[in-house]
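Undergrad: Residue numbers (the numbering used here), protein chains in the order written: chain L, 1 to 293; chain F, 1 to 293; chain E, 1 to 386; chain U, 1 to 386.
Hints in this document: simulated from the structure, not taken from any laboratory.
Accuracy of the hints is not assured; some may be wrong.
Said to hold, decoys possible - Taking lysine-lysine and the DSSO-like style, the derived pairs with C-alpha atoms no more than 27 Å apart in a straight line are:
1. E/Lys-240 - E/Lys-214
2. L/Lys-274 - U/Lys-171
3. F/Lys-42 - F/Lys-167
4. L/Lys-42 - E/Lys-214
As the list claims (entries may be wrong) - Partial selection, computed: residues in chain L whose CB lies under 7 Å from chain E:
5. Gln-45
6. Ile-47
7. Asp-79
Stated by the list, open to error - Covered stretches of chain L (chain U as the covering partner; in silico rule of three or more C-beta atoms under 8 Å from a C-beta of chain U):
8. 4–17
9. 106–116
10. 261–269
Treat the numbers as computed from the prediction; the structure is a model and nothing was measured.
Yeah, the Cβ is synthetic: ideal placement off N, Cα and C, and Gly gets one too.
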Amino acid sequence: MSLLLDENSKVVIQGFGAAGQREAIICRDYGTNVVAGVTPGKGGQEIEGFPIRNTVQEAVDEFHANVSLIFVPAPFAADAILEANSANVPVIICITENIPVQDMMRVKRVLNNSNSTLIGPNCPGIINIGAHARAGIMPIDVYMDGNVGVISRSGTLVYEAVDQLTKAGIGQSGSIGVGGDPIIGTSQAQALALLENDPNTAAIVLIGEIGGTAEQEAAEYIKTMNKPVVAFIAGATAPPGRRMGHAGAIIAGAAGTAEAKQQALRDAGATVVKNPGEIGSQMLAVLKDQGLA
Amino acid sequence: MSLLLDENSKVVIQGFGAAGQREAIICRDYGTNVVAGVTPGKGGQEIEGFPIRNTVQEAVDEFHANVSLIFVPAPFAADAILEANSANVPVIICITENIPVQDMMRVKRVLNNSNSTLIGPNCPGIINIGAHARAGIMPIDVYMDGNVGVISRSGTLVYEAVDQLTKAGIGQSGSIGVGGDPIIGTSQAQALALLENDPNTAAIVLIGEIGGTAEQEAAEYIKTMNKPVVAFIAGATAPPGRRMGHAGAIIAGAAGTAEAKQQALRDAGATVVKNPGEIGSQMLAVLKDQGLA
Amino acid sequence: MKLHEYQAKQLLASYGVPVPEGKIATTPEEAQIIAQEIGGKVVIKAQAHTGARGKAGGVKVAETPAEAFKIAEEMIGMQLVTKQTGSAGLPISAVLVEEAISIERELYLSVAIDGSMAMPVIIASQEGGMDIEEVAEQRPEAILKQYVDPACGFQGYQARALAFGLGLSGKLNRPATALIEALTKSFLETDGSIAEINPVVVTTDGRILAADAKFSIDDSALFRQKNLAELRDRSQEADKELEAQDAGIGNYIKLNGNIGCLVNGAGLAMSTLDAIKMAGGDAANFLDIGTANSPEAVVAALKIIGTDPDVEAVLVNIFGGLARTDIIAQGVIDAKNQGLIPQPTIVRLAGSNVNEGNELLDNSGLDFVRANGFAEAAQLAVSAIS
Amino acid sequence: MKLHEYQAKQLLASYGVPVPEGKIATTPEEAQIIAQEIGGKVVIKAQAHTGARGKAGGVKVAETPAEAFKIAEEMIGMQLVTKQTGSAGLPISAVLVEEAISIERELYLSVAIDGSMAMPVIIASQEGGMDIEEVAEQRPEAILKQYVDPACGFQGYQARALAFGLGLSGKLNRPATALIEALTKSFLETDGSIAEINPVVVTTDGRILAADAKFSIDDSALFRQKNLAELRDRSQEADKELEAQDAGIGNYIKLNGNIGCLVNGAGLAMSTLDAIKMAGGDAANFLDIGTANSPEAVVAALKIIGTDPDVEAVLVNIFGGLARTDIIAQGVIDAKNQGLIPQPTIVRLAGSNVNEGNELLDNSGLDFVRANGFAEAAQLAVSAIS
């Protein structure tokens, strides 16, 4: 389960409000096994055909849920992640954005001692195309079955990259949105390791952003990889010091600039795309070059 | 370094007041390498021939201290342990008693993610007789070089057991006082593992107390051991529910009674001594029985 | 340090735990006035540091203010003897006068430190009002637990898991999670060692209330819990223990035997009691002198032992580590010289500076019974009496 | 959310951080009275959400109360232009009048969140009063760091390590550790995102003071920092950004170009700016509509863009996930119909419900320029202008 999600995944959805319900249905229609929703106080009800429970533990005990997908509002989202962790759910995916940073700091400290893997928060989730397993909010139509994996801090840039790949005739194994916040559960480097070890993935698109040093850490890992990586850094033209939606994208020192990140990735052997419209075409060139397409 | 302390140990003493100084001198006279004392604000001074520094980090950087012995008063002792931990001191021994329990709870949580080993608090420390290495407050005269190791929650009962062994003609490899508080860094079971793996130790005296379940956990480990264990549980005649000095010794439920602990140890194969005056004589019998004396 | 029920309830209420309407009364007149204010039936609860008050006559219902006066008059000034207090009982100087609540369900809730997990644990059970240790032993599945990870603190999901687990859903869920969160916060912020609400009551009119409460503060943390330290009620502690505390001796406990003990170290002190028992005797006290490094502290400790009318022999059992035996020996000599321990006195010294200590005793010209070891000391003490 | 210097100092002072004697003045008269009260030389500091005020004339010394009046009169009402503000500058509606302090040493101290460590970090340096990022880059050994482990909180030894590391020993050590502890506590308890004291000043008379202070609160935590949220000064934010916030659009930033952008997702929005740049144009704004799932929100966002006099073309770039393209398309149509975006409008839709969205645009009868992909959309927008 190198993509953390496959045919055996049993998804519980925490926060079964409008968005949770809508995405639960899309996931189910796609072929994903969504076993339950959790909304405290609605335990015992059934909504849109999904059984609702008061706690994640109940969903794990009754339905053997092994993936949690979280839509809980920001003030309560850290609590929801910790609840899934305490119920030993191995994969926790948090879609929620605007979680207080100090909440995530505590969550991260607890997860350091845990066997659960957190993806996000502030992310579009994971999709495994071959397994028809979707735990996230990404549009399905743009994907095409294949062997390129996509990793991104930004949700919409996952879709954009996938769309370009599909239009270039390149299918995808799946995508992992790691999330745009300063503190996230799984780094780009860790996500790269998942895809490097995924037998269904042959090449990887990595989409970073200005701010922080996560792309430099990813570059360090890329040096050890066998699979080709095509990378794009969003925000090259952003004015310094402004918060552009992703708190992680504040330029903090020279390491946070697009130039520094692009250079680190290039030095590590990645193909760096400068024009966001050319992600698909550049991947096609790389695949042809390596005899993979 | 199965006793956590040997010829290569370089001891820094945190809290270089009257007790710290006195014990530093005894340790040095015995042959232990006491490299520095730490008292904030007295950095740069020399006291009784020991260089004083403001922080543990300085003592580590300058003198390569690898054992810390803590005499800091209770309100500041948790901070002192965390300071030694942050300076990556591999062995931290805290003599201080009456540290608030919630302080120790936080210390323990941090040490879960650390490579440092904490002994104590509220303990007499460790002595390695063969190595002439003492990081603690135990009287030296009563010890005799040999191959029985002593583990105890209570400090004075370490001395008592050692004294009885020596008078019975049985020498010691050393002793580990794990401490009498409800939250301690190294459990009796973990201390047993240290001695089970210590080539200089052939048999072990384990001294427990009423309260808690640490002796039951030790008994579980004893089941896997090759070396013989002679055990005594203090407090068999204590009235229930009174705090007799060691907070850990409050009888909490049936598991905390002397009877329950004695039974668990007996079931695990340990020789259980009922009369505290017979620890030495019973160990002699066990050693003779096993052809070790 | 233990709090009285009324103090515990005030503390809990200050954190938002709902408690029954009520006030403390130190006179029957006050009790009557409070009963009048509350109106209707009230409960009068004797305030003492003991459980099992109900069966001992320490909790009574008054139908009218006049009856409240009468009950309070009986209780205030009495010695309350419960199965936990010993035969002397504990003095009652105040009663809590509370609204009588109409109980639908009784639940159990407490917070304590789990030493082996090194975390606070919240314990809950549907079996309120019962002996929780019995429930824990016989039906462990009836006990719910949530540990508080210091890295993130107590979380909302934990309160929900407990509340749903207690069957408190629907309208009761929010008040229940709020109560659980408030209880936990009060425990963490006050360096609690135990905070227990037994029972938590669901009333017939749909309220959740802390009907009884126990609260203890970690003695080692009283230096930073000054407001709570002031709540200490010395009348609930034995005179001898107070005397010992005033002399700076932390660990003195009065027992029922006749051999007074002065020992250093809690483990050795407990074992000394064990050894006395094995030799056929009974200790009059537990006393850990700790690392007291002055003859004066030893004299003060021996004065407490020597003036105890139960004590027929004194046993000094010292194994010096940080404590130095010569200093202790000097204290024993001084006490003997001052006539504070007229009883036969058995002394066993070992450890730090033992030669100096023994020499002092030898040269004192005083009549000490000297013991060589642990068991011998206990036997000599028992022999000294019989 | 940024605080003014005077607000930051009040907050820090409430946690025990020593700050210079001073008060806020909104009129020259007040400034004069405060200067009188303080006595002697005072410093007048323009309050605006920007650094580098000194070089821009926003910090001046007044020798007398009369001079304080004069300086305050000049400052209050001005637009302060610094290298950080852009050419329009920021309005000054108040000045901080403070005692002039006599500086012996200037140090640097701040607290921020280190995302990769997932912990708050306290940063200290002997090189106070300087650009700390420059120091960090050129002489990293001059930067001291201490991370706060959430499992135990900030510890005394960390404050000591920083204080000794800053050379604050002897009599200065206690006040220094107290200041560091107070700063850290203020940051942790208020959901700080940055708390910076630059410089920390050691005065010639041996005091340690926070001579300047910056403090920002995590926007995502304002829901639980209500008192601090009230300190917000809207005058320091661009009108268009305020308008966007009032319309419920969190992420709008005014830029210098002429192509107005409406995008969903911060990453896609940043990339849209990049693509416009690559196509030879410049964006007039950054706008992330997020997951706005109503046509009204889209209309509100487009109104802000359309009424911006700088905007000569509008680019709508949507890749629907949680956001649905048909809803966005309806909003674009409504805005066009209401005359809110008279400029040439380039629309690129993809993702969720894209067919429905495109159908709506097709059937609207309105004159949208349709783009198939990302790069094409940017090129069409640039072409629409030139």
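Undergrad: Work down the list of hints and note, for each, if the structure agrees.
TA: Hints, verified against the model:
1. Between E/Lys-240 and E/Lys-214 the alpha-carbon distance is near 25 Å, which keeps this suggested pair within the 27 Å criterion.
2. For the suggested pair L/Lys-274 and U/Lys-171, the alpha carbons sit about 56 Å apart, so the restraint of at most 27 Å is broken.
3. Restraint check: the Cα-Cα separation between F/Lys-42 and F/Lys-167 comes to about 43 Å, which exceeds 27 Å; the hinted pair is violated.
4. The straight-line distance between the Cα atoms of L/Lys-42 and E/Lys-214 is roughly 34 Å, outside the 27 Å bound, and the hint therefore fails.
5. For L/Gln-45, the interface hint is violated, since its Cβ never comes within 7 Å of a Cβ in chain E; the closest pair sits about 12 Å apart.
6. At a threshold of 7 Å, the smallest CB-CB gap from L/Ile-47 to chain E is about 17 Å, leaving the interface hint violated.
7. Satisfaction of the interface hint for L/Asp-79 is found here, the shortest Cβ-Cβ separation to chain E being roughly 4 Å, below the 7 Å cut-off.
8. Coverage of a stretch by a chain is defined here by at least three residues with a beta carbon nearer than 8 Å to that chain's beta carbons; for the stretch 4–17 of chain L and chain U the count is 0, and the condition is violated.
9. Note: the stretch 106–116 of chain L has 3 residues with beta-carbon separation from chain U under 8 Å; the three-residue rule is met and the coverage holds.
10. Given a C-beta distance limit of less than 8 Å, the hint that chain U covers the stretch 261–269 of chain L is violated, as 0 residues qualify and 3 are needed.
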